[in-house]
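**Q** Chains as they are written, first to last, in the numbering used here: chain A, 15 to 318; chain B, 15 to 318; chain C, 2 to 256; chain D, 2 to 256.
To be clear, the hints were calculated from the coordinates, so they are not data collected in a lab. No residue lacks a Cβ here, since even glycine has one placed at the ideal position from N, Cα and C. Any given hint might turn out to be false.
Simulated restraints on C-beta separations [as the list claims (entries may be wrong)]:
no.	chain 1	residue 1	chain 2	residue 2	range
1	A	Asp119	B	Lys304	15 to 25 Å
2	B	Met15	D	Asn251	54 to 64 Å
3	D	Ile78	C	Tyr129	51 to 61 Å
4	A	Asp50	D	Ala231	24 to 34 Å
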Amino acid sequence: MTDLKTQLSEDFILRNPLLTASGTYGYGNEITDLVDPELYGGIVTKSISLNPRIGNPPPRIAEVTSGMLNSIGLANVGVAQFLAEKEEFLANYRGKVIVNVVGSDEDEYLQVIRKLESRQWISAYEINVSCPNVRQGGIAFGQDAQILGRLVQKLRNETGKFLIIKLTPNVTDIRIMALAAQKNGADALSLINTVYGSAIDINTRRPKISTVIGGFSGPAIKPIAIAQILKTYKEVDIPIIGIGGISDGADVIEFLLAGARAVQIGTANFYNPGVCIEILDFIDKYCMEKKINCLQDLIGQAEV
Amino acid sequence: MTDLKTQLSEDFILRNPLLTASGTYGYGNEITDLVDPELYGGIVTKSISLNPRIGNPPPRIAEVTSGMLNSIGLANVGVAQFLAEKEEFLANYRGKVIVNVVGSDEDEYLQVIRKLESRQWISAYEINVSCPNVRQGGIAFGQDAQILGRLVQKLRNETGKFLIIKLTPNVTDIRIMALAAQKNGADALSLINTVYGSAIDINTRRPKISTVIGGFSGPAIKPIAIAQILKTYKEVDIPIIGIGGISDGADVIEFLLAGARAVQIGTANFYNPGVCIEILDFIDKYCMEKKINCLQDLIGQAEV
Amino acid sequence: MRYFKDTTVLNNQMICTDVYLLEFAFPEISNSVEPGQFINIYFPGKTQLFPRPFSIAGVDGEKIKILYKKVGCLTEIMSQWQSGQNIRVLGALGNQFDIRNQQSVLIAGGIGLAPLLFLNARLEKLNYPIINFIGALSGNQLPLFNSMSGKTIIATDDGSQGYCGNVVDCFRQKLDSISRPFSVYACGPDAMLSALWRLAREHKFDLQLSLEKIMACGLGICQGCAIPHAKPADHPLRLVCQDGPVFNANELELS
Amino acid sequence: MRYFKDTTVLNNQMICTDVYLLEFAFPEISNSVEPGQFINIYFPGKTQLFPRPFSIAGVDGEKIKILYKKVGCLTEIMSQWQSGQNIRVLGALGNQFDIRNQQSVLIAGGIGLAPLLFLNARLEKLNYPIINFIGALSGNQLPLFNSMSGKTIIATDDGSQGYCGNVVDCFRQKLDSISRPFSVYACGPDAMLSALWRLAREHKFDLQLSLEKIMACGLGICQGCAIPHAKPADHPLRLVCQDGPVFNANELELS
Ligand SMILES: Cc1cc2nc3c(=O)[nH]c(=O)nc-3n(C[C@H](O)[C@H](O)[C@H](O)COP(=O)(O)OP(=O)(O)OC[C@H]3O[C@@H](n4cnc5c(N)ncnc54)[C@H](O)[C@@H]3O)c2cc1C
Ligand SMILES: Cc1cc2nc3c(=O)[nH]c(=O)nc-3n(C[C@H](O)[C@H](O)[C@H](O)COP(=O)(O)OP(=O)(O)OC[C@H]3O[C@@H](n4cnc5c(N)ncnc54)[C@H](O)[C@@H]3O)c2cc1C
Ligand SMILES: Cc1cc2nc3c(=O)[nH]c(=O)nc-3n(C[C@H](O)[C@H](O)[C@H](O)COP(=O)(O)O)c2cc1C
Ligand SMILES: Cc1cc2nc3c(=O)[nH]c(=O)nc-3n(C[C@H](O)[C@H](O)[C@H](O)COP(=O)(O)O)c2cc1C
Ligand code: FES
Ligand code: FES
Numbered sequence: 015m016t017d018l019k020t021q022l023s024e025d026f027i028l029r030n031p032l033l034t035a036s037g038t039y040g041y042g043n044e045i046t047d048l049v050d051p052e053l054y055g056g057i058v059t060k061s062i063s064l065n066p067r068i069g070n071p072p073p074r075i076a077e078v079t080s081g082m083l084n085s086i087g088l089a090n091v092g093v094a095q096f097l098a099e100k101e102e103f104l105a106n107y108r109g110k111v112i113v114n115v116v117g118s119d120e121d122e123y124l125q126v127i128r129k130l131e132s133r134q135w136i137s138a139y140e141i142n143v144s145c146p147n148v149r150q151g152g153i154a155f156g157q158d159a160q161i162l163g164r165l166v167q168k169l170r171n172e173t174g175k176f177l178i179i180k181l182t183p184n185v186t187d188i189r190i191m192a193l194a195a196q197k198n199g200a201d202a203l204s205l206i207n208t209v210y211g212s213a214i215d216i217n218t219r220r221p222k223i224s225t226v227i228g229g230f231s232g233p234a235i236k237p238i239a240i241a242q243i244l245k246t247y248k249e250v251d252i253p254i255i256g257i258g259g260i261s262d263g264a265d266v267i268e269f270l271l272a273g274a275r276a277v278q279i280g281t282a283n284f285y286n287p288g289v290c291i292e293i294l295d296f297i298d299k300y301c302m303e304k305k306i307n308c309l310q311d312l313i314g315q316a317e318v
Numbered sequence: 015m016t017d018l019k020t021q022l023s024e025d026f027i028l029r030n031p032l033l034t035a036s037g038t039y040g041y042g043n044e045i046t047d048l049v050d051p052e053l054y055g056g057i058v059t060k061s062i063s064l065n066p067r068i069g070n071p072p073p074r075i076a077e078v079t080s081g082m083l084n085s086i087g088l089a090n091v092g093v094a095q096f097l098a099e100k101e102e103f104l105a106n107y108r109g110k111v112i113v114n115v116v117g118s119d120e121d122e123y124l125q126v127i128r129k130l131e132s133r134q135w136i137s138a139y140e141i142n143v144s145c146p147n148v149r150q151g152g153i154a155f156g157q158d159a160q161i162l163g164r165l166v167q168k169l170r171n172e173t174g175k176f177l178i179i180k181l182t183p184n185v186t187d188i189r190i191m192a193l194a195a196q197k198n199g200a201d202a203l204s205l206i207n208t209v210y211g212s213a214i215d216i217n218t219r220r221p222k223i224s225t226v227i228g229g230f231s232g233p234a235i236k237p238i239a240i241a242q243i244l245k246t247y248k249e250v251d252i253p254i255i256g257i258g259g260i261s262d263g264a265d266v267i268e269f270l271l272a273g274a275r276a277v278q279i280g281t282a283n284f285y286n287p288g289v290c291i292e293i294l295d296f297i298d299k300y301c302m303e304k305k306i307n308c309l310q311d312l313i314g315q316a317e318v
Numbered sequence: 002m003r004y005f006k007d008t009t010v011l012n013n014q015m016i017c018t019d020v021y022l023l024e025f026a027f028p029e030i031s032n033s034v035e036p037g038q039f040i041n042i043y044f045p046g047k048t049q050l051f052p053r054p055f056s057i058a059g060v061d062g063e064k065i066k067i068l069y070k071k072v073g074c075l076t077e078i079m080s081q082w083q084s085g086q087n088i089r090v091l092g093a094l095g096n097q098f099d100i101r102n103q104q105s106v107l108i109a110g111g112i113g114l115a116p117l118l119f120l121n122a123r124l125e126k127l128n129y130p131i132i133n134f135i136g137a138l139s140g141n142q143l144p145l146f147n148s149m150s151g152k153t154i155i156a157t158d159d160g161s162q163g164y165c166g167n168v169v170d171c172f173r174q175k176l177d178s179i180s181r182p183f184s185v186y187a188c189g190p191d192a193m194l195s196a197l198w199r200l201a202r203e204h205k206f207d208l209q210l211s212l213e214k215i216m217a218c219g220l221g222i223c224q225g226c227a228i229p230h231a232k233p234a235d236h237p238l239r240l241v242c243q244d245g246p247v248f249n250a251n252e253l254e255l256s
Numbered sequence: 002m003r004y005f006k007d008t009t010v011l012n013n014q015m016i017c018t019d020v021y022l023l024e025f026a027f028p029e030i031s032n033s034v035e036p037g038q039f040i041n042i043y044f045p046g047k048t049q050l051f052p053r054p055f056s057i058a059g060v061d062g063e064k065i066k067i068l069y070k071k072v073g074c075l076t077e078i079m080s081q082w083q084s085g086q087n088i089r090v091l092g093a094l095g096n097q098f099d100i101r102n103q104q105s106v107l108i109a110g111g112i113g114l115a116p117l118l119f120l121n122a123r124l125e126k127l128n129y130p131i132i133n134f135i136g137a138l139s140g141n142q143l144p145l146f147n148s149m150s151g152k153t154i155i156a157t158d159d160g161s162q163g164y165c166g167n168v169v170d171c172f173r174q175k176l177d178s179i180s181r182p183f184s185v186y187a188c189g190p191d192a193m194l195s196a197l198w199r200l201a202r203e204h205k206f207d208l209q210l211s212l213e214k215i216m217a218c219g220l221g222i223c224q225g226c227a228i229p230h231a232k233p234a235d236h237p238l239r240l241v242c243q244d245g246p247v248f249n250a251n252e253l254e255l256s
C-alpha cells in the first residue's frame, strides 16, 4: 500500500488527500450508512453562517451537459444548531474536520469563527468568499483583492487554526486573489468554487434554477480547475487543495500533478456514492504500477 | 417556413441567425463539398493578423469531457495572402462575410483593417480581443476595460463597417468590458470566446496541449456562455451574438431566449458536419409547433 | 436501511406505448420497503450525471418492480435493457404513505400510477374498501391497472375509455357518493396534484400526495429538492427525497 | 471527393485479442479510395466529441473495411457493434501512399498494419516484389497478415513468433540483403516511425510514413493536427489530416 499521507503544514497532515467538498456531503453524518466517512482524509462541512439560512426558492438544481447548476444559496442550520446537532459526531470523527464558514460581511465571518474557535475537534476553517458582500454592494469577497486581503487578515487575527481560503474562478486573474490571501496569513487555498452558469428551458422559457445564474460544477469544469491550479501553483508558497469536477482516481492524480496537495470531491458524491472507495483503489493501483511510494512524488510534478 | 431573418442594425441583417465561429470553419471555402456555406447566415473567418502566423507547436488540441482544449495560437495566412487566396470565394458568397481580426498591439489591428476596409464583400469585422497585448505586458485586450475601450475607439475611427467586439469570459465582470466596447462605438458584441482550460496526461505527466493552458470550448461551456449573455443583455443596448457550446437546435433557441440576436457554431463543426442543417430543421419545427412567426418573438424572451 | 449495490435486470418489458416494467433482485430491501418509497438508478457516462429516481411499483420475493415511462435520454436507455444487464441501484429512499385504517381512494395520473400499484397491493391486506381512480391520456395508456384490488374507475383525456376528461374532475363528480371517512392517496403530474390539493381543502378530506422534484442525490445531502413548507415557521424547508416524496396535503402550499 | 453519410455495419468481428474488422457499405468512395486514406467515424453523445479516424484497410465492392484496435472508450463501443448498427462516417480523407514502380517493403507496427493491408492489395497488381515486415507484441496479435501478397517476415516483442524483438531491428538486420532500389512504406507507433526515419537517413532509402495525430475535424479546418515541416521555410506547417497522413520521410523531422 502506498503511503497516502499528505502534509499541508507541519501540523496539518491528512491521512489521505481526499476531502469532501463543502455542500456536497452535508455535515458529515448524513450518509454514514452508505459511505464510511473514515475513508476520507477529512470532512469539509457545508458552509456555516451565523444564523440559519433557508437558501433560495426552488428549483435550485439543474442538470447540464456533464455538470450541474445549483442555487442552494448556502442553506444551513446556522452555527449554534450546527454545534448542538453535529458536535458529537464530528468530535469523534478520526479524520480532519474542516468547517466551511460564510458571511455577508466581515463581522459575520468573525462571529462564526468565535463560536467555533474553542472546539478542539475542528482542525481548520475553509472560508467561502464567493458570497456577495452586503457591505460592499454585493461584490463577492473573492472578487476584489483588497476586500479579500482585509477579511483574511481579520480572520488570521482571530484564529490559530489552519486557515484555508476557498477561491472563486470567476475572476480575471486568480493569482492576484491567491497572493492577497497568502500575504494576509492564509495557510492554504482551496480552488475552485463553482463557475457562474445558467440554463434556460426552451419549452417554458424559464431559467432552470430560480436565481437564473448559479454555480456550475461537475466534470465539465475540470479543465477550468486544472488551469487555475497550474497558474496559482507557480505563484504561491502555501499549499493548494484542488476542487472541481473530480469523478475518479485518474482525475485525482491529475490534480496532484497540477500541484494540489489534497483534493475535494463534490458533485461526484451525488452521482456516485462509491466514488471515494473507487478513487482510493485507483490511486493504490496507479502508484503500484508506477512505483510511486508517496504522494510527494506526484504533487506538482506535471512537466509544464 | 418561419422567417429566420435577424436584424442586428438597420443595415446589418442576417438571412438566418447561424454564423460560423472564428477558427472552426477555416476561411469559408474549405469544406464546401461537405457543407453548403450558403446554409449559414454568414461566415466568420479565422482570426486574421497582419503577417502569417504558424501558431503554437503540437500538440495543440485535446479532448476533454464534453469539450476540447485548443492552443492553435491564431495560426493564419496573414491579411495579404487571405485577400489573395480567399477574395474570389468570399466576394461571391451570398451570406454576410465577417472577418475576424487579431493583433498583438493596437497598431496591428488598425493595419489589418486598413487593408480590408475597401472590400465591399466584407460586411463586418469581429475583433478578437483575447490575444495578449504585447505592449501592455501580455494582458489581453479583453481583460482591461480601459485598454479595450481605447482599442475600440481607434477601430471605430478607422471603419464604417459593422464592428463586433468578441469578448472573453475570463474576466471578473464581463459587463464592464461590454460597456467599454459599447461606449466606444462597437456595433455589437460576440460572446463568448474560449474559457481558460488545461488537462494533464497522468501517464506521461505532460500537459495535453503544448501551451499548458489553452482555450476550452464545446458543450461543456454552454452554461457559462448563457450566464454571460444573460448578464450582458440586461446592461447593453447593442446586439449580442451568442457563442459557446452550441451543438443543436435546442441550444440555439436557448441562446436566442437568453438575448442573442445571432449565434455562432464553433466546435460542433468538427464533431458534426451536419450541424447547420440539423439546426435549421429543428428551429423550423420548434417555431411551427410554438406558433412563432419570427425570431424577434424569441430573442431575449427568457422569463428571468 | 439504504443499500447501494450492483444487480442485474431480471426482466424489462414494454407494457404499453412508452411504459415499461423493470424487475431486478434487491433482497436487502425487498422485505422492508413500503409503498411510497423509491430507488435511485445510477448510469455510467458523464453526460447526464444525476441518478434517476423511480417509485417502487411492487415487490415479489427478492424482486423489486419499477414501472417507468420513456420520457428522455436515460429512460430511453433503460428501455433497451435486456435481462442480465448490470445496473447500479440505491434504495430504499424516502418516506412512505401513511396507511390509515379506513376506506382508501387512490388517484393516479399517468405514470403516477407506479407507487399506487404498490400501495394498492398493501391496502388489499386491510379490510377496508378501495376505490382506484386511474387517469391517462388514452385507453391504450393504462398499464397494469387491472391487477389492482377494489373498484377501479378510469378517466381518459381523449375519452377512449371510461370517463372523458381528467381524473380529478372524474373524482370530483363521485366525491359526494363516496362514504366518509376516507383517505386519498395520489400521485401524478403537478397540475393534477394542485387541483386535488385545492379540492381537499374545499371538501375537507384526508389527502396524501407523492411529489416529484428533480433530484441530484436522493440522499438529503444536496438540498436541491427542497420545497417550501405550508407552515414555514415550523419547518422552513422540506426535502422531497428525505421528508417526502409523500406529503400530507396540509404540509404543502400548492394553490 | 468527401462524403458524410449514415450507413450500417455489415460485419464487425474480432480477429484477435482486442482487434476487430469492421465492414460497412460506402459505395460513394469504395471505387476511388487509395491506400493511405482514412475515414472518420462519428459518435452520438456529448462526452467524447471528436470523430475517430481509421485507415482504410481494404475495399470489397461497395464495402469499406476497417481494422481497429480496442484502446479506449469509443473503440470499446465500436467493438460491441452488431451487423445492422447505424453509423455515421465521413471519407475518404487525407492523401495516399505514393506508389513507386519498384520493389516494395511494407513495415507495420501493431495496428499500423491496417493501411498496409490495403496498400499490399494494390501493390499486388504491380509486378514488383513485396516484402512485408509485421511487428506485434506477440504471435497472437497478428491479424490478417496471411492474406498479404509477397514475402512476410514476422517480428514479435515476446519472441512467440518469428524474429524476437522490434520490427525495425528485424528490418535493419535484413536491410543489406534487400536488393535496391526499393521503397519502404510504414505505419505504426511513433517510436517505431522515428527509428525508421533515422534508419532511412543513415541508409538512404525511400521511405513513406503514415502518421497518427489527435484530430478534432479531419477536414483541415481546426488546424489541430499540425506538425512542423522539415523545411519550415517552404512549408511552415503541415496538417496530418490533409497534407498527410502519409509523408515522405524527408518532409519530416523525427529525430
Ligand atoms: C420520487 C420520484 C419518483 C419517481 N417515480 C417514477 C416512476 O415510478 N416512474 C417513472 O416513469 N418516473 C418516475 N419519476 C420520474 C423519473 O425520475 C423521470 O422520468 C426520469 O428521471 C427521467 O429521466 P430521463 O433521463 O429519461 O429524462 P430527462 O430528459 O433527463 O428529463 C425528463 C424529465 O424527467 C424529470 N427528471 C429528470 N432528471 C430527474 C432527476 N434526477 N430527478 C427527478 N426527476 C428528473 C424532469 O421532470 C425532466 O424534465 C419519479 C421521480 C421522482 C422524483
Ligand atoms: C489517420 C489515422 C488513422 C488511424 N487508423 C487507425 C486504424 O486503422 N486502426 C486503429 O485501430 N486505429 C487507427 N487510428 C487510431 C484511432 O483513431 C484511435 O485508436 C482511436 O481514435 C481511439 O479512440 P478511443 O475513444 O477508443 O480511445 P481514447 O481513449 O479516446 O484514446 C486513446 C488514444 O487514441 C488516440 N486518439 C484518440 N482520439 C483520437 C482522435 N480524435 N484522432 C486521432 N487519434 C485519437 C490517442 O492517441 C489516444 O491517446 C488512426 C489514427 C489516425 C490519426
Ligand atoms: C449542491 C452544491 C452545494 C454547494 N454548497 C457549497 C457551500 O455551501 N459552500 C462552498 O464553499 N461550496 C459549495 N459548493 C461548491 C463545492 O464545494 C465545489 O467547490 C464545487 O462544486 C466544485 O467541485 P465539484 O465539481 O467536484 O462539485 C456546492 C456545490 C454544490 C454542487
Ligand atoms: C480550434 C479552435 C480555433 C479557434 N480559433 C479562433 C480564432 O482564431 N479566433 C477567435 O476569435 N476565436 C477562435 N476560437 C473560438 C471560437 O470561435 C469560439 O468562440 C469558441 O470555440 C466557443 O464556441 P464553441 O464552444 O461553439 O466552440 C477557436 C476555437 C477552436 C475550438
Ligand atoms: S435530492 Fe439531494 S437533498 Fe434531495
Ligand atoms: S484534424 Fe482538424 S485540421 Fe487536421
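**Q** Does each hint fit the structure? Answer for all of them.
**A** Status of the hints after comparison with the structure:
1. A/Asp119 x B/Lys304: 15 to 25 Å: 46 Å, violated
2. B/Met15 x D/Asn251: 54 to 64 Å: 55 Å, holds
3. D/Ile78 x C/Tyr129: 51 to 61 Å: 53 Å, holds
4. A/Asp50 x D/Ala231: 24 to 34 Å: This hint is violated: roughly 59 Å between Cβ atoms.
Hints 1, 4 from the earlier list are contradicted by this structure; the remaining hints agree with it.
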